[in-house]
Each structure stands twice: as structure tokens, then as C-alpha cells.
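Enquirer: Here is what each chain is made of, one letter per residue.
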Amino acid sequence: MLILGIETSCDETAAAVVRSGREILSDVVASQIAVHSPYGGVVPELASRKHVEAILPVIREALDRAGCCAGDLDAVAVTQGPGLVGALLVGLSAAKGLAYALDKPLLAVNHLEGHMEAAFLDKERPEEPFICLVVSGGHTSLYLVTPDGSSRCVGSTRDDAAGEAYDKVAKLLGLGYPGGVIIDRLARRGNPAAFDFPRSRLEKGSLDFSFSGIKTAVAYFVKRYGPPVPEGKGETPYRLEDLAASFQEAVVDVLVEKTLEAAERYRVRHVATAGGVAANSRLRERLEEECAYRRLQLHVPSIRHCTDNAVMIAAAAYRLWLREGFTPDPLDLDAVSRML
Amino acid sequence: MKELTITTDCPEASRTLGRAIGERLRAGDVVALWGELGAGKTFLTGGIAQGLGVPEEIPVTSPTFTIINEYEGRVRLYHLDLYRIGDVDELETLPWREALFGSGAAVVEWPERLGGYLPDERVDIHIEIRDVTARSFRLVFGTKSLEERFGDLDKTL
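Residue numbers (the numbering used here), protein chains in the order written: chain A, 1 to 340; chain B, 1 to 157.
Because the hints were derived from the structure by calculation, they are not lab data.
Example chain A residues on the side facing chain B (calculated, C-beta under 7 angstroms, incomplete):
hint: 1; residue: Lys168
hint: 2; residue: Leu172
hint: 3; residue: Thr216
hint: 4; residue: Ala219
hint: 5; residue: Tyr220
From the three backbone atoms N, C-alpha and C, an ideal C-beta is built for every residue, glycine too.
With these hints in hand, go ahead and build the complete structure from the sequences.
Expert: What follows is the structure in C-alpha cells.
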């Protein structure tokens, strides 16, 4: 079963050819990070335009690198949502056109279910049930993946996504984009106990998240002590590394605690994580420690497959096909910005 | 044009203010929220949504990623966040006209990005951070009728 996966939900234009959900024949990602960097984040219209320019070359390259032609494919898979509608439409339209012209089935994939496949691309998938923390710039949710292969959201953010908090704090500190990578790098040289930022746990027993409070706390900190002073122009009254480490520790504390609480509540033995923030070194380190201590088996994606990619879409499409067969009436598919 | 300043000491009080605003909102109203990162714009919108009758179990999450979120209440609420938008041309693929000039009420974060498309008939709310939890809200009314409808908000809190 040879599937071409296409992903354009945010700022990566990606295509990949994957055999039977496991064997990666090609994995092409055209990133727009450099395009959006001056804006401190993704600009939707700009993203859509860049996707239009990139989509066909990216698909062609994915087929070339896989050493196959479009006619060899058994199906085309594409991200239907959630994401930016304009961006999603580019991938969806290309996928529909391709599937129609080739007379091949089209599979519509939920972006978050795609992410959840990323941890199992290079290793055996554990037996369900398991808990998966999907954490990125647009999402922070805990999923319970059940033995029938479906997933249920058991907790999610009530305000900001964790990655969004990283981006906005980086913006407050004048650090640039993508904020998560920059803060992670600074934090490695900082003291995580230097400043006590709030950990929002919400009401007892809740598996939901809230990261708006910590963003506000950093905003207030910057208001009080000033933003970092550029080198040679004076002295910053605190160590930027300490601030980054303290902020990161507060975010990671809550992510880890809630994930473990979910694992305990649903009595699972396996925990997975996925999404851009799953590449964060401190989150990986803390999850490893805590899961080992509790004898939970942890599954993390390779760094490359934490961020958006099309391999995970092709892999998720294969599982979807095993479970439900092909999507009926694929040409009627529409992009969906928010999926519940 | 009349202004009204309301100060709050804790998030609960800010939420109550949001709810009071939401209770008075009507279809076609536009509320522009001005304030820096962390000022509490989305948080206030959560209160406004409750005042509009959006069920409490539906949280008002940050629209930074999706730009426009919709909620069903007594009146449909469009929650716009233009944080990522450089200028209004970049909004073309999104239904922002429907959100601002359609049949619902709109709350707009980072309204400066709309430039001349921001309607004059609106309520501006300028939020200032006083300390970690305390805020001040300065309401400016773009029309006489908005002033009449919202001018005595402080007396009901």
C-alpha cells in the first residue's frame, strides 16, 4: 500500500511517500520559517501564497526521491484540519486534483492524529490504550488512544497553546522566531529555580491546561525589570538564561504533571508525545525521568518528525484505511480550521 | 465622546466586567481590545462570551493560531486575533468581513492591524497592566447609542 501524504496546515509545505504506514520512501519539507521570521510568527495569507508556490515542486520531489511515479501510488492522503483554512486548502486542492486525475482514492487525515503517529514511525506501536500529549504552537491536548484505534481528547488548553506561550514570551524578550528553539537553547545555561513563575493546574482533577497566566507573569516581569539590554548597550538586571530556564521549567512542570495524571487515571502503561514542542529538550528529559520512575514506557518521535511533516500524514492515513476504508466522496472534502 | 475607566484587582473581577459587557452586546457590535501581550484580552473575551450566553464549558481559547474563532451564544460571537497579521491584505483568505460586518458581534484583538477597515462605530477597550493580577480598562464609545448602552457599566459591577 503506497501512500503519498500531503501536509499544508501551517507553515510547512510537505509531501512524503510511505509504504504501509512504516517504510519511509521519501520525506520532503519546505519550511517557511525564514519567511515568517521577521513577523515573529506565521502570517496566514503569506503562508497560503508560499504553499501555492511550493506544493507542486514538493510533491514532485517526494515522488522522485521515492523513485516512483504518480501512477504507482495506491492512494493520496492529505491533512484536512485543524489549521489555517487558506493554507489547508492548498494541500487539499492539490490532493483532490491528483487523486481525481490518477483515479486513486483520497484519504482525509486529522492533523493531530497525524502527529500521534510520529512517535511510532521507527518503532513498534504499543498496544492501546495509551496517552499521547500533542503539544505545539497551535495545540496542547492530551489524547487517550483506545484499542479500536480511535482517540479521545481528555484534556486541552483553555487559553494559549504551550508553543504559543513560547513564541509570545520570545517576542516579549525580543528573541525572534521560532521562540521555542531559542528559549530551549538559552534555558540549558540557566537556573530553572531563579524565578518562581506560576504553574496553572486549574481545579483538582482537571486534565486541561492554561498557559496564559505564565505569559502574563513574564510580561509583568519584563515591565518591571525591563527587556533584555542588547550587548554593549548596558546591563540587563537579570540573567536572560535564568529567565528562559525558569519560564521553561514552569511550562514543562505542568505538561509533565498532567500527562502523568492522565496515564494514572486511565491506567495505561505507555505514554507518547508529539508536536513541535515535543522536540523541547527539557520536556523530553523530564518525561524520560518521570516515566522511568513510574515504569511507564515513553515513546517520543525523532526531532525531525516532531514538527509538521507529511510522513505522519501518510502513516495516519494507512491506519485510517485499515480502520475505516477509504473516505467516501473525497471531492466534497472541505478544509476545517478547528476540529473537536 | 464619553470615556469610562474601570479598575479591577483580580482576574475574577475582570471576568465579571467581561460578562457585563457581553450581556449588553447586540448583533453588529464591534469591540476592539487594545493592550500589550499578557494584558488579558483573551481572558476578558472569555467573560464577554459568557455574558453572551456561550456555555461555560466551552473555553474561549487564544485565536492567535486560527485568527478567527466563532462561538454560538444569544448572538454569534466572532473572536478575532490579528497578532500575526501585518496588514489587512494578509487577511484575504479569512472571512473577516463577515466577522466584522455580519450578523454577529465581534471582539477584535490587535485591532491596529485592521487600519482603516476598523469601523468607527465601535467600543474601544484599552487594557493596562497595573500589577500581576490588577488591570485598568478604559472604555471609549464611538457612538452616542453605544455610550448610552454601556456608559453606566461601572454602576452595575
